[in-house]
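K.L.:
Single-letter residue listing:
Number of protein chains: 2
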Amino acid sequence: MVTFTNLLQVVQHCDKYPYTVTNDGARLLLEDNVCVGTILPPVLNELVAYNQTLDPCPFVICDTAVHFNEHITTMDERTKTVETLMNHWRTQQTFSALAGWRNELYAVYGKDGQPAFVMERAATPLFGISTFGVHVNGFVLDQGEIKMWVARRSLSKPTWPGVLDNCVAGGIPYGYSTKETVVKECDEEANIPESLAQHAKNVSVVSYYTTSQYGLQPETEFVFDLELPLDYQPTPKDGEVECFYLWTLDQVKESVLRGDWKPNCALVVVDFMMRHAYITADNEPDYIDISYHLHRRLEFPCPKIALAIKSL
Amino acid sequence: MVTFTNLLQVVQHCDKYPYTVTNDGARLLLEDNVCVGTILPPVLNELVAYNQTLDPCPFVICDTAVHFNEHITTMDERTKTVETLMNHWRTQQTFSALAGWRNELYAVYGKDGQPAFVMERAATPLFGISTFGVHVNGFVLDQGEIKMWVARRSLSKPTWPGVLDNCVAGGIPYGYSTKETVVKECDEEANIPESLAQHAKNVSVVSYYTTSQYGLQPETEFVFDLELPLDYQPTPKDGEVECFYLWTLDQVKESVLRGDWKPNCALVVVDFMMRHAYITADNEPDYIDISYHLHRRLEFPCPKIALAIKSL
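As given, the protein sequences belong to chains A and B, one line each in that order. For the record, in the first sequence the residue sitting at position 33 is 33 according to full-length UniProt numbering, with numbers rising by one throughout. For the record, in the second sequence the residue sitting at position 226 is 226 according to full-length UniProt numbering, with numbers rising by one throughout.
All clues given are correct.
The list treats identical chains as interchangeable, and a pair is accepted whether it falls inside one copy or across any two copies.
Pairs of lysine-lysine, BS3-like flavour, derived with a Cα cap of 27 Å:
#1 K310 with K253
#2 K147 with K201
#3 K262 with K16
#4 K184 with K157
#5 K201 with K253
#6 K237 with K201
#7 K184 with K147
#8 K157 with K16
Calculated from the structure, these hints are not laboratory results. Computed from a predicted model, the values in this text were never measured in an experiment.
Generate coordinates for the entire structure from the input sequences, incorporating the hints supplied.
P.N.:
So, in structure tokens, the structure goes:
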């Protein structure tokens, strides 16, 4: 594990993709030249090799850009094309990212925030696709003092086993509102009933651009605060969580600096501590820089969830 | 006044300096090439003319950069150099920005967030200097519903007379903590006693890059929420405020869309409405884009207020 001497290091450890990149591979473009991802050279090389085996080629590839070929024009066709490719790479064990296949579909948003296609969650880092989730800060007010419910991830999880996590978190399934996602994940991960989960409040959004052994991960997390009753205790349900702790913010901050947290969840915690005035400009020298790393502008289209759920 | 059809337009009306600029004048650099400002061509031309009248020249100027000349090395010397220049331009009525001279000194922060020099507040847009202030959202909880205290600026104010403003706001005098600034401004602008103002909580920071007739204004506002007692009413004191209104968030949002607010204060209000879950990803289609405009990364050094007040 990495330990940190200050909170700026904590957020930089997650939001670590350089801000100015001169040569970062090819951009994945839709018909209207909307950029929805970034393909680094190792993946691009494999994509070129794969593309040559098919006639007509599914992709048009140059050094700086990848397009779908002109015969692929609908959402279903783009989805099928990417699915076939990723299944091929999975079978060939080309990339370790695909060993963690989840059978969970993420939408890839294009022009005007409309979904352009959907793809397997585990494959998104190979194309540097921007992904969206919800994170819930469960907390109590104990005689005026905030205490936070902290989850320890299951030791059997494929990613980040045994490290600390937000009380509840998860990706947004296509067609779900953020609140519906929160209610679903509260039940699945922490056994929190809908009657309580409905009180979760969407109070922030955290965005960052991280990288891992699997590829590029520009990510956006809708942040919810959920005040729980003092006598209520979340409990593991679906095996994602080992156990829950109820900690003071001093304890939480110490654990963050010890590097005990999944990096992106540490960002959500830091955002919580800023919004609740535990971290302030008067006590944190890097206050502004930390805020920048919590709110990175990602140059990819965003979903318009409010419009999507209104139209259902 | 400008009216808006949605909140994204509201925030873009303030955070309006382009994100990618190819030719935006000369950068104002310190000895270590730290960039502390931007000088647009109209100001640069006048600076070149002024510089030629002095021997030795106070500045070294090329098309893309302005440095202090090598005989100017200390904070006092930089301060004196800029003061002499701005007084000259003020006397000559070269720039309308200087008609609003305030006799209020702002620090210009350089390497490691240390003040490199101080200069008259009204002159900062001519050099595109990054400035820092505090804004206070005064609010009450009325049977669980948030109502916000809204200030109408005095009709006699030189800038933005008669428009809506946050309950309390002000620049941070050199050497003040953000909380001390809040307490001072609460007293001066709204007659809020220290016993109440001390409860203001620093819960956010809003940054944006705006432009005006006066020049370039990259600005950072430390945001405080101050819950006031239901039976308490802020009142004008120093003549900056015409009157205060207590409005529901529906009323506040309507007034924001009507364009009744000072643009940067509208950003602080939108930030408040997001943090209090009045604006959410499920009801606002541009939720993420709006958040980006509230948290623009400004490529200038930031003050380290926490270190400065600790060292006093």
